[in-house]
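Engineer: Sequence:
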Amino acid sequence: MTYAGGPQYPDPARPVPPRAGPPGPAQPPAAAPKKGKRRQKIVLTVFLIVVAGILALVWALSRDNGENAQVGNCVTESGENYVKIVDCGAANATLKVVGRVEDKTQIEAQVSACNGYPDADSVFWEGKEGQTGVVLCLAKTGK
Numbered sequence: 001m002t003y004a005g006g007p008q009y010p011d012p013a014r015p016v017p018p019r020a021g022p023p024g025p026a027q028p029p030a031a032a033p034k035k036g037k038r039r040q041k042i043v044l045t046v047f048l049i050v051v052a053g054i055l056a057l058v059w060a061l062s063r064d065n066g067e068n069a070q071v072g073n074c075v076t077e078s079g080e081n082y083v084k085i086v087d088c089g090a091a092n093a094t095l096k097v098v099g100r101v102e103d104k105t106q107i108e109a110q111v112s113a114c115n116g117y118p119d120a121d122s123v124f125w126e127g128k129e130g131q132t133g134v135v136l137c138l139a140k141t142g143k
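If you're matching positions, the sequence shown starts at 1 in UniProt numbering and goes up one per residue.
Simulated from the structure, these hints should not be mistaken for lab results.
Just so you know, nobody snuck in bad clues.
Derived lysine-lysine pairs resembling BS3-like cross-links, with alpha carbons at most 27 Å apart:
1. K84 to K140
2. K140 to K128
3. K84 to K104
What follows is a list of derived Cβ distance ranges for each label pair:
4. Q110 to V43: 50 to 60 Å
5. N68 to I107: 17 to 27 Å
6. Q70 to G36: 45 to 55 Å
7. V51 to D119: 42 to 52 Å
Since we're looking at a predicted model, the values are computed, not measured.
Cβ coordinates follow ideal geometry from the N, Cα and C atoms, glycine included.
Make a model of the complete structure from these sequences and hints.
Structural biologist: Right, dumping it as structure tokens:
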């Protein structure tokens, strides 16, 4: 029923058509293609694998460096001013680390770093010129 001049109430039996006015809650946009997200994940995964591979390679190549030697390790001279950690049973294990001293300059290494190690026959210093480094006090293995 409709009254002239009064408020009109919708008939509960009739559906109310949508109003054409300001939009209500926004409808979700059509699904964006997931191709870009998938590509990003693939690129990130490949990047992380490459970085992990590089780090593993660096570790593998540097683990035998003389600067990583500890007391009790055996080393061999591998070029001028370079030693490499080797198995003590190996034929090329000519030197054994009897002392390790941190934070010494190259001059300190040559003069006094291994004075507390009477078995030391030679000294190996690893570091950057003009800075401190690691001193290995080395004794001959007798091979």
